[in-house]
Every structure is written in C-alpha cells, then in structure tokens.
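Engineer: Take a look at the letters that make up each chain.
Number of protein chains: 2
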Amino acid sequence: MQLKIRLLSSVLFFFLSTSSVQAFEPFLPLPDRPPIPPDNPLTDAKILLGKTLFFDARLSASTRNNCNSCHNIMAGGDDGRAQSLAEQGQLTQRSAPTLWNSAFQTVQFWDGRAGSLEAAVDEHLKDVQISGLTEAQLVARIAGIKAYRQMFVHAYGADATVDLKGISQALASFIRTLVTTGSPFDRYLQGDRQAISAQAQAGFSEFIEVGCASCHFWVNLSGPVPGLAFRMGEGFYELFPNHPGSDEERRYQLSADLGRYYVTNDVTDKRMWRVPVLRNIAVTAPYFHNGSVMSLEEAIRVMAKTQLRLDLNQQQLGRIAAFLRTLTGEYPIITMPHLPSE
Amino acid sequence: MQLKIRLLSSVLFFFLSTSSVQAFEPFLPLPDRPPIPPDNPLTDAKILLGKTLFFDARLSASTRNNCNSCHNIMAGGDDGRAQSLAEQGQLTQRSAPTLWNSAFQTVQFWDGRAGSLEAAVDEHLKDVQISGLTEAQLVARIAGIKAYRQMFVHAYGADATVDLKGISQALASFIRTLVTTGSPFDRYLQGDRQAISAQAQAGFSEFIEVGCASCHFWVNLSGPVPGLAFRMGEGFYELFPNHPGSDEERRYQLSADLGRYYVTNDVTDKRMWRVPVLRNIAVTAPYFHNGSVMSLEEAIRVMAKTQLRLDLNQQQLGRIAAFLRTLTGEYPIITMPHLPSE
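Protein sequences, first through last, are from chains A and B.
Counting in the numbering used here, the first sequence runs from 28 upward without gaps.
Counting in the numbering used here, the second sequence runs from 28 upward without gaps.
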C-alpha cells in the first residue's frame, strides 16, 4: 500500500518541532548493514559474484557500459549527469540516483516502482534501453563464461545454472555492501559534539525547524527504512513541487515529469516522488529527478520554495548546506574484481 | 637508434636452437617491479594519484571514458575489441594493447612511437581523438578539483601545481604497478616442474624450435627489456608479415597498416612493429595490431605462416597454445580509488 505522506509528514513535523535536537530519535547513525531479505541471504560468494558482474560491461549490448558507468561507486555512486547515457547514447528519463546506502530504501527508482533491489536490478537488465539485451541474450553471455558458471555454483549450489534471478540476487547482494558509515553527522549523533562545526549544528536545527526534516529523517534522511515503521516495498512519497506555480518550478521544469503517476495511473500520484536519500548529497550533484540544479545551496533554496513556500536567506542556505555536507560518509575499501575472460 | 631486428633475431635463433630448454637464460620469471626511470621515482603518493586519475572520466571531454575504458585492468588490461572506441565513438587506428607488464617494454604503442610510459600517456591525453580535450582544458579540469590539487602537493611537493607532466608521471607510476607475477610459466621457470602440463612443456620446446622465441623471449616474451641489452626508448621491432603474399595476409588485411613507417617515414620501416608482449596473451584477444584474429590457435597459425613460412598442424598449435596459456599471471589486489567530487 502506498502511504499518503503529507499526512504523516504533518505528524512528524509536529513531533520534530516540539522536541529538542538531542532527543531526536528520528536521526540515527547509519548501521553497518542494511536489512537483508530472507529470500536472498547475504553471502561472500554472492557479493563477489555481484561485484564482478557490476563491473562487467558484457551486461550491455555494446560491451561498453557496466553498472558502474551510471552508478560510479568510485565516486558518489552516480554519474554526475542530469540524465544518464543509455546503451545507444540516448538520454535516460531521469538522473541516476546514488547506489550508496540505497539498500536502506524501502522502494527503488525515483518513482518507487521497484519494491526491492532485486526487482530494480532485474528491471534494468531487461530494459533494452539500458542494457540493450534481451533476457535470453544477457543470460547466454554470462552462462557462456566458464568462470561465471563456477561462481554461480559457489553462490547458489552445485545444481545452479546461470539465470537472471541469480544475476539480480548477486548484484543486489553487492549493492547491500555499499554503505557509507562514519560521516561527521554520524559521529556527531554518536556523541562527538566536535564532529560537525557550529555552523553545521545550527544548520541541523534549521533543517528541522523550517520543515526539511518532515520528510528527510531517519537513518538515510529519506524517511522510514525497513524495520522502522515501513516494510520493504512500502514507499515513502512526497509531492514535488508541493506548492505549484513558483518561478523555480518553471525555470527547472520540475513539473514536466509526473513521477509516480506513470507507474500507478492514479491521479493522486501525479508528481509524487520517493523522498530522496540525503546521505552523500554534497557529492551527488546535480539534483532532483531531472538533474536540473547543480549547486547544493540552490537545491536547498528550490526545495524550501517549492515544498515549504519559504524564502531562505543566504545565511540559512549556508547553514543548511553546511549541515548537509556533514552527511558525506566514509567509503569502504573495495578491492577490484577480476573479470573472467572465458 | 632503432635496431634492425632481423639480424638480431637470426643470432638469437641460432643461440636458442642450439641450447637446451633448461639452460635458457632468455626466459626469466617476471620481476615484481619494472625498471623505474630516474626522473620519475616511484612513490606511494604518485601511484595513488595515478590510480585515481586512471579511473577518472573527467580526463575525457564527455566525462564518459577513462583510461580503464580501453585498458581494463579488471580484465586483461585491454578492451577485447579489434579497435577501441574513441571519445566520439569512432574506431581507433589499432587494437588497444594490454597495460599489464607494459612497463617492461622499452617502447610503447604498436609502432613504438613513445619511448616511455610518460610519453605514451602524455600523447594520449593530448590526443583530441582519444581524450577530446586540449591540454589546457584537461589541466584546468583537474586543477579545478581541490582534492587533486592536494594530491599533487603530496606527490610533487608544496609548490606543485597541476600540469600535464605531473598527470602523466602519476599515471605512468600507477601503470608501473600493473605487474602480473606468479604465472604457471614463471613457477615452472622457478623450478616447479609440475606448474605447467606436459603438453605445455612440449609447447614451450616447440615455441623455441619453430622460431617463435626468436622474437618472443626474455621476461615479457617481447624481446629485450630495459637493462637487458636494450635501454628504455630503444625499440625491438619485427617485420609483419615477414613473408608476404600469404592467404592469411589477405584474409586478415595484415599489410594494410604500414606500422612504424608512419612514424619514421623510412621505407625500411614499412610494416615494422614492436614485438608484442605474450604475457597474458590468452586473455587479451583479439590479436594483432588490427585485432583481426579472435582465437589464440589461429593467431599462432597465422604467425607461423606469415613470419616463419611454416604450416603448423593441429597438434603443434595445441601444444604452443597450451604453453601460451601458462603465461597468464596473477593479478595483484588493487583497491578502488575514490574519485574526488570537488
């Protein structure tokens, strides 16, 4: 069931605005591990298989693009583009979201159309625009490589054969390891009051007071996470723009894409979007579903205007931006996979 | 000075064919480290900077291609294509050679036109077809990123500023760490007689006896290495096809590209090529400067025919291929760099 979030937001806004900063349960350090679905237990064999596939461009028709082409985990987990370049060089519909910490989301994609990482990966691999391959072609490519057949046996057992489900489960398993703990904000929440500057602390208070935290709360600052009020597959959505008719809406064409409506055909879903993750936001420009805004301060200004009908001044923007910059976490050390040749 | 190699080959052929396999000094295990030029000492700071730049697609105009796009070090160090895809998607002149162990070569590129890795990197970065950027544009991009400015200071000292020389030196430093020791053949040379099969051992003898080893000898099986008879910058070239007029020459268009002649305009350099590295040859198909041959056995057959005027039978091809497959080394563990956002 899709929850209509504005009601929930109001409740949370009330809760947040009447509590002291220190008491905010809604802001929690990022756990080391995201929730693991019971039907895809996390194993080293699946993680290694997934990491190898993630960098293997044979998952694209051209053998030129891999998962990392658009979701660059050597950087912010995205590609820094307004829209990504699909298999034939055409622009994708929306800006690639970061994969870092995406496993804490209850739904995937900007419109929340995938209820799990497995479903999101599965859809991408079967998308002729994205991979350029049919399912049969893609599976045949991987199944044709002896080392992959062996890795499937290690990951799924002696009788395992290469199939799309196994590929998707392995990729989802690897993505679940993409967690950036240790951000200054996390250290602040854990009691190190010096971990973030006085300006960032003031920005954190302002972030709550002006209303950003009505949607951007809990471990990923994107609303409920699995096990915290929401179950996996339940989406946390918000209307964007919430207050229509602004200059910002026109300038950045924020209403051209109807978001979740394209998934449900429910008119109440027009311009409803999954609340985006704010972790690592300082390193994942450009912003919004259409990547129309390059600077963090401008993104904050637009959000305040379109969502809260507020005109923030430069000091406020600077403080909130300083806070958001404390959300950049530490990247885990990842060794490069070795892509098998045969 | 370019050495005319057919004379040297004849000398070596005589030497090789009159010695026993065990006594062959010309075949040596790959050292851990290649020669380091005195004007670019290898340091951890330069290696880290080079590794980061190697994966940074901001070194291409489109921000879509990095060094790894064509020289994939998660695989055989190349891209598995007959010709690579340049910045605008156009085909490059020749097949991308592997970067693994390339630091043992005395010259770089198929035609040996670069006398050092630094020169090769420098040429690529300034090549509008390859990077799509002018030197000034490229340097400005990197210099505009604070973290890179800091890495330059770490690598080159407090007064260092970002320039193409520093970028090339760092990339060359990283490439010098791309060494695959521990191949079965190396273990065999080090005394483990079980490291390669009886068939591969027979193939090794055959490789010498039929004449392959006349050019493909020493640590990289590509002729002299720096410090071993040759100095860095001195190229070891061979005519290919050596015996013109074969069916193979026509079928694979082996003579269409005049090789080193385009560099020197010396008619005696027509169809002269740097002798390619045979290490990891089994995982770096397709073969030859134009990538015209996909299978290892066919590449061996073509070489025997065009270079030695020999028709090898299936058993001989199988044995030599078995030997060449023992040249696949162990890839070092490389952690992923983190590409700075600002």
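Hints are not guaranteed to be accurate.
The list cannot tell twin chains apart, which means a pair is met if one copy fits it or any two copies do.
[What the hints assert, rightly or not] Heads up, simulated DMTMM-like pairs for lysine to aspartate or glutamate below, C-alpha to C-alpha not over 20 Å straight-line:
| hint | residue 1 | residue 2 |
| --- | --- | --- |
| 1 | Lys153 | Asp71 |
| 2 | Lys332 | Glu233 |
| 3 | Lys173 | Glu324 |
| 4 | Lys173 | Glu357 |
| 5 | Lys332 | Glu276 |
| 6 | Lys297 | Glu233 |
| 7 | Lys332 | Glu52 |
| 8 | Lys192 | Asp284 |
The set of hints was computed from the structure by calculation and includes no laboratory data.
Engineer: Identify every previously stated hint that the structure contradicts and give their numbers, smallest first.
Structural biologist: Hints 1, 6, 7 and 8 not satisfied by this model.
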